[in-house]
Structures are given as structure tokens and as C-alpha cells.
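Peer 1: Below are the chains, spelled out letter by letter.
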Amino acid sequence: MELSVKNEEKGTLVSVTGRMDAVTSPEFEKELGRLIDEGHVNFVIDLAELDYISSSGLRSVLATAKKLKGKSGKILLASLQAVVKEVFEISGFSTIIPIYESVEEAMATL
Amino acid sequence: MKSLKLAAIIENLDQFISFVHTCSGECGFEGKRAMEIELAVEEALVNIFNYAYPEGEGEVEMQCALKNGKQYVIEIRDEGILFDGLSRPDPDTTADIGDRQIGGLGIFFIKKVANEVRYSRTDGMNVLTIVFLV
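Line by line, the protein sequences give chains A and B.
Per this note's numbering, residue 249 is the first one in the first sequence, and the count goes up by one each step.
Per this note's numbering, residue -2 is the first one in the second sequence, and the count goes up by one each step.
It is worth saying that the hints were derived from the structure and are not from the lab.
There could be a bad hint or two in this list.
Unchecked claim - Between beta-carbon pairs, the in silico distance windows are:
#1 V289/A to A4/B: 40 to 48 Å
#2 N255/A to E58/B: 34 to 42 Å
#3 S320/A to D81/B: 37 to 45 Å
#4 R85/B to E257/A: 40 to 48 Å
Here a beta-carbon is modelled for each residue, glycine too, at the ideal position from N, C-alpha and C.
Next up, chain A with everything else stripped away, as it sits in the complex (with noise of 0.2 Å):
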């Protein structure tokens, strides 16, 4: 897993490329947990290049929207593949975390 952060107008971007495993996620968790002592709060996680979650990613991204619904932050997710996609609904993590069909669309949102 590799993360790229950007800092655009109305949020924070992070891209996601590879796999959020039980090995990988808590580097994600980690790392938005820097974002967010920085005082970053409002994100966009760009996932079109993530080709695998399992629960353990799921357990790092829930840890993140709980540390900033505490800040009135917002993470909010966008470009997701189909597998990636299939396990939010599965979980139902889809009507808790917001969905996007791209990130333009998320920024438009912030």
C-alpha cells in the first residue's frame, strides 16, 4: 500500500494504491492520524487505485471517521473499484462513510 497526500483548495486528498490488508491498514490509520493532529479535517480518500480491502482496512478507515467526528472533519470516499466497493455495501460501511463517484465530485462536497 502507498499513500500520496495533496493539499487542494477545499480539502485534503490522499490516494490509496495497492491492498488495505491486516498488514498494510494500520499504516493508512497511522498516517491520517498525523494528518489529523496537523489540524487537517476534511478529506477526500481517492481509492480508484486500491485494488484490495478486507476487514482490517475497513477497521482503519471507521478509526479515522471517529477520531474526526470528534473535529467536525469529513472523510469521504471516491472512485472506488468494484471489489473494494462490494465489501463497503457488504458491511454496510456504505451508509456510514460517503461514497463518490469521483473526487471532483467529493471536493464539491467539502
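Following the hints, complete the assembly by docking chain B onto the known chain A.
Peer 2: The following block gives chain B in isolation, referenced to the frame of chain A:
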């Protein structure tokens, strides 16, 4: 039939996943379905890594086989404490963000993506059998 037996530690997850990835490919699975198989395997293994051997170290063995040309059968065995995740209730997938729990979601995923899942306690081992139709 192919098999891989390694210590039940998270550091071995990648090796198990690449093993099942190869088996799945040989049995004709690719794309989304191949990823669903890896998801089921990861969830089963991570439960074993985390809970099977609370007081020490142990191993986990995975076997992959194509049966009757129709059933892709993955069997995962450990000698850890009795754990029948299948008998536990499904997690609440409608809870609000503050109440949302991750525990139990892994087994739920296995049930959702596989065509069949069975658990048995055999000769002191937990045996989880996950079946995908070809």
C-alpha cells in the same frame, strides 16, 4: 491438492495470500472473484493469527484443491483453541458510526462471498472449509 503450513503469525499473511492467489489462478479464477477468495482467506487467517494460540505459538495449514472440476475447496486448519466463528451471530451492519464494531465482520465477509462455509473440530483441530463454485 496444494498445501502450505506456516507459523500462525501476521508476518506470514503475504505468503498465504500469494499461495492462494496462485491456486485460484490455476483453477481459473481472476479479477473480482479472485479478490473475494483472497478476502475470505485473509479474514479466516487473521482470526487464527489473533485468537487461536493465546498462550504461545502454533501453526496454520492451508490446502487448496479443485474437486470434481466444479468446486474450488480451501481448507484451513489450526491446532488452537476451539473457535467456531460460524456459530456467532452476524454483526449489526446498520449501526450508527459511533456504535459500529469491526468484530465479527471478517466471518460475515467469508459467509457472504463464498458459496459454502463449514466448520468442524476434528482431531483437536479447527477445520474451516470454504468452497467457491468454478
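Peer 1: Of the hints given before, which are not true for this structure?
Peer 2: Those not satisfied come down to hint 2.
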